[in-house]
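Just need the whole structure built from these sequences, with the hints factored in.
The opening position of the sequence shown corresponds to residue 1 in the numbering used here, with each subsequent residue numbered one higher.
Please keep in mind that the hints were generated in silico from the structure rather than gathered at the bench.
One or more of the hints may lead you astray.
[Unchecked claim] No more than 16 Å apart at the CA atoms, straight line, and that leaves these computed lysine to aspartate or glutamate pairs for EDC-like:
#1 K121 to E183
#2 K72 to D162
#3 K109 to D33
#4 K121 to E151
#5 K109 to D123
#6 K72 to E151
#7 K147 to E170
#8 K81 to E170
#9 K100 to D139
[What the hints assert, rightly or not] Restraint ranges, calculated between C-beta atoms of paired labels, are given here:
#10 L4 to Q103: 39 to 47 Å
#11 A3 to R171: 18 to 26 Å
#12 D134 to R167: 38 to 46 Å
Values in this document were obtained by computation on a predicted structure and should not be read as measured data.
All C-beta atoms, glycine included, are put in the ideal place defined by N, C-alpha and C.
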Amino acid sequence: MVALENHPKFIQIHQWNEFAGQKKGEGYGPRHDVFGDEYNLEFSDDIEPVGSDAVTYRDRGGWGYYYMNLTKALISLYRGKTPGITVMALSGPSQPALVKDNQLRLSWKTAGPTPASFELKLDGRTIASGIRSDRYTLDLSGITAGKHRVELVANGAYTYFDLAPERLTERSTKPLPVTSSIEFTASPDRK
1 MVALENHPKF IQIHQWNEFA GQKKGEGYGP RHDVFGDEYN LEFSDDIEPV
51 GSDAVTYRDR GGWGYYYMNL TKALISLYRG KTPGITVMAL SGPSQPALVK
101 DNQLRLSWKT AGPTPASFEL KLDGRTIASG IRSDRYTLDL SGITAGKHRV
151 ELVANGAYTY FDLAPERLTE RSTKPLPVTS SIEFTASPDR K
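What follows is the structure in structure tokens.
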């Protein structure tokens with residue numbers, strides 16, 4: 001956001017991948033809780049897509065092309081090639097997430113024109129509409145254990161870039177809806 005507001009002459013993107021190179025309890029330091037990155041060649045701190053189904057020490061898989069696609073959309077907005085687009089990123093639990101609470105705190109950021117409002121969906125069903133802030137606490141007390149998907153839709157905004165993690169995005173010839181989603185697993189032992 002700072003870069004979009006101040007438009008510096010140069011921007012350097014260092015990395016976005018961070019995968020621990022040690023198992024829990026095997027890190028450095030007196031309590032073995034200091035972890036270095038570089039789990040393996042694919043799960044290093046380089047700027048590249050990361051396999052979404054490979055096994056790491058802490059969990060399973062990375063985020064595919066999501067961050068590369070997000071960066072591509074932001075660069076297009078920054079360079080003025082798509083001045084009318086909105087780019088949005090929904091934050092929540094790290095993926096894949098195991099949620100044990102009855103509430104899921106969500107927040108999001110947008111770049112570009114501000115959407116009129118937001119709509120939140122859980123497993124394809126609208127659960128809140130007309131949201132005018134950048135955060136929402138989702139009540140999970142009534143959902144079943146297992147996998148679920150939260151999707152945020154920006155109303156009154158458009159983009160030309162699909163941020164799907166399974167493929168590299170290309171600029172669309174027509175406007176697309178602005179969406180961002182997170183998958184999580186509701187733990188069966190939630191209370």
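Going through the hints against the structure:
| no. | hint | verdict |
| --- | --- | --- |
| 1 | K121 to E183 | holds, 12 Å |
| 2 | K72 to D162 | holds, 10 Å |
| 3 | K109 to D33 | violated, 31 Å |
| 4 | K121 to E151 | holds, 5 Å |
| 5 | K109 to D123 | violated, 22 Å |
| 6 | K72 to E151 | violated, 21 Å |
| 7 | K147 to E170 | violated, 29 Å |
| 8 | K81 to E170 | holds, 13 Å |
| 9 | K100 to D139 | holds, 12 Å |
| 10 | L4 to Q103: 39 to 47 Å | violated, 32 Å |
| 11 | A3 to R171: 18 to 26 Å | holds, 20 Å |
| 12 | D134 to R167: 38 to 46 Å | violated, 28 Å |
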